[in-house]
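Protein chains in written order, with our numbering: chain A, 4 to 209; chain B, -15 to 239.
The set of hints was computed from the structure by calculation and includes no laboratory data.
Keep in mind that the hints are not guaranteed to be accurate.
Said to hold, decoys possible - Think about it this way: if two alpha-carbon atoms lie no more than 30 Å apart in a straight line, the pair counts; the simulated DSSO-like pairs of lysine-lysine are: (1) B:K93 / A:K205; (2) A:K127 / B:K118; (3) B:K93 / B:K118; (4) B:K15 / B:K190; (5) B:K96 / A:K134; (6) A:K127 / B:K93.
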Amino acid sequence: MEYLVNYYDKLLGAAAEHLQIVLVSMALSLAAAMILTVLCDMVPLISGVMLGFLSVVYSVPSLAMLAVLIPVTGLGRTTAIIVLIIYNQYLLLRNFLAGLDGVDGGVVEAAAGLGMSPFQILVKIKFPLSKRAMIAGIRIALVSTVSIATIAASINAGGLGTILFDGLRTMNASKILWGSILSALLAILLDWILGVAEKRQKSYSL
Amino acid sequence: MGHAIEFQDVTKTFRGAGRPAADHVDFVVEKGEFITILGSSGCGKTTLLKMVNRLYEPDSGKITLFGTDISTMDVVKVRRGIGYVIQQIGLFPHFTVGENIAVVPKLLKWEKEETDARVEELMNLIGLEPEEYKNRYPAQLSGGQQQRVGLARALAADPKILLMDEPFGAIDSITRMKLQDELVALHGGMGKTILFVTHDIEEALKMGTRVMIMNDGRIVQFDAPENIIRNPADGFVKSLVESAKAKEQFWERFQ
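Chain B extracted, bound-state conformation (with noise of 0.2 Å):
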């Protein structure tokens, strides 16, 4: 099968740009795992997630998903095997949040009953009463909600891999630490290879397997949340790390 998700030396530079937003990039993501990636804006985060599902399309380089090098594959097929979650979230307008969630097993062509059943386990995994709120639209929901609602789009045809665009960034505090949670909790049932984009460094640690920082389009660490605490490779991690650290002293200043 080879590795989840493989980039071999892939470069980025987007027409007018100074320099690359993705410079050199190789890494290796195992089956299962949950990776977060951390960075400001700019640093190249987000234009290396969608180059996973070929919405920007490499300079050089090759990109690898389970062995098979993606650019030789059909662009549609591969985004259709890939969930996909955005901070927009894009759900749909003039959908239903269950015809919203049917729209990957509907392009996929499955059939009907088979489409409505996975719609009901989704809304039930999501906490959405299907009875309540299938047939309602995007515009009736919260916030949190919608997202759930991206979620279980992304989720409809059982991708292998999930890729998250910053998806709590627009969410209030406390339902973003419950769909954190929720993530986390789904993630351990599901088996799935996850990249999460984030800048904030907390979500990051809180919920990756593995966190990958991001500096000026490269990757500067790439390790489990406690050894880059522990050991912060470079002077940016080590500030990156710290400014979490005085953000905690704040809140013990009040205890």
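In isolation and in its complexed conformation, chain A is listed as follows (with noise of 0.2 Å):
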């Protein structure tokens, strides 16, 4: 508690930091995986190589990948963001193709018997559709988000990793403590934002 009242301040900095770690990397993220999800459903026959892929990718450990990466993008924020940006792919990716395929068959079928070409199936009827599953697999990514960009820390990306590390470096049980409830605060508090969202869409079973 003593530390928290002394450097509230340095602890509140760290705490945006790394919401603004987060929030850019999710937002790339989001970016890609729409990308990826509408290539696809297109071509169906990639999703299942891009799937085992970003599986093989996902289960490298965050600390190699961000060392295979300092070479090529060197120290600091943007390694840790490209390095979040691609663990999501395999969670976000997962969760919409999932949800994508949980639309209804009867409807996608009406839905191309009536003239629709793929693309308008796509915006029009499954991502509308499957707009709840989809919320659930950016909450999943957005706490994995939270909790790895502590790691990203090691490499100067700051936020509350670098409170952690400074307290393991030295330590500094306060230090590792508050880091590391910060962090569990930042994701409970965004899992919960989203959780409120993934509740206010309608659910369309018939």
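Two chains, two separate frames, one set of hints: put the complex together.
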């Protein structure tokens, strides 16, 4: 507690930095995942290959991934954000595609039979009907991003990880504690916001 | 113009299937006919239907609609010109009734007033008061009402051909009878060419101006209902007719 009172500005600054890394990574991850999702929907053959590849990438430990990218993009925030985007692709694409798959086959067949193009079916029918599943995927990715972003401090990307790693280096328990607590709180808060958004989506089962 | 629908030596085998779902199928349907296609599950009747709007592509042979080979046309255009109704109905659950009916006019970029007027006209035709039902969602309708909307949606852009794949298959028998009568009456006033797939022989004989009976991917008989009852082409057709008669005897026992 004493640490919190004495260094609250430092803690809040780190939390803000952390939030910024998370939000930028999430925005870019979503854009990339949407493009991949459209691609997989249009060309079903590539979705299996893509998911397989991404799952292998996802299984690489984050420290190793950071190490691999340092020679290419250097130390700092850019590298951290790239790594976060790469990890998110597996979580997002997998959930987005599962959501699209969950749309009632009769509805999709009717849409095709009425003369909607595959792209129209995706945008007008499949996406709106899988919104809930997609938000669920975004929630998972968000929580994972908050936690992996702490590790990004090891390459000078800033954020709550800085405090955590400082604490580890100096064996300072309150730093470790507060770094972890704030990162957990951030994850819970963001997840709760999306949870509310998810519940507000109508479910359209017939 | 040519025949409304013509199949010339059409064959389709699904990958992994032992025998073709459509086996050298040849037939001609004239404008304004109401054709019911009858057969047991797996006989190829749905495959046949779905080749007309190119949800399935034949392996060989030619399909023409009003003289035009559909394989030379843009697939999306072919479908927008054909009404399509399926057993699962497939209404878009996130669209209101009005929006569901307006789907094809919107795809064809009709003026808004024209689309609205058409939606009202069709809702009156299917007996759903526009004021009351237009802004409801499909989940707020009964199964029979949903299928009426499915029919209205298929008719929206006034297609010359209507394809129906067991449209009343999942609807209770009282509503089903009513819908059958309404569809026959509707057909009389519209001059549309209808292909109607069913596995119910009474439905097929009652509704069709001609009945196409399929077995193992081949057409075994294609004739007016009374000719099918009087002169069954083979043992399969005969057993179908007899099964219907046996059912009737069952009811007579209670008279």
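Each hint tested on the structure:
1. Our distance criterion of 30 Å between C-alpha atoms is met by K93 (chain B) and K205 (chain A), whose separation comes to about 28 Å.
2. Distance hint between K127 (chain A) and K118 (chain B) is fulfilled; the C-alpha atoms sit about 20 Å from each other, no more than 30 Å.
3. Distance hint between K93 (chain B) and K118 (chain B) is fulfilled; the C-alpha atoms sit about 20 Å from each other, no more than 30 Å.
4. At roughly 20 Å between alpha-carbon atoms, K15 (chain B) and K190 (chain B) fall within 30 Å of each other, so this suggested pair holds.
5. Proximity of K96 (chain B) to K134 (chain A) is assessed by CA-CA distance (about 28 Å); at most 30 Å being required, the pair is judged to hold.
6. The suggested pairing of K127 (chain A) with K93 (chain B) holds, with an alpha-carbon distance near 15 Å, which does not exceed 30 Å.
Of the hints listed earlier, there is not a single one the structure fails to meet.
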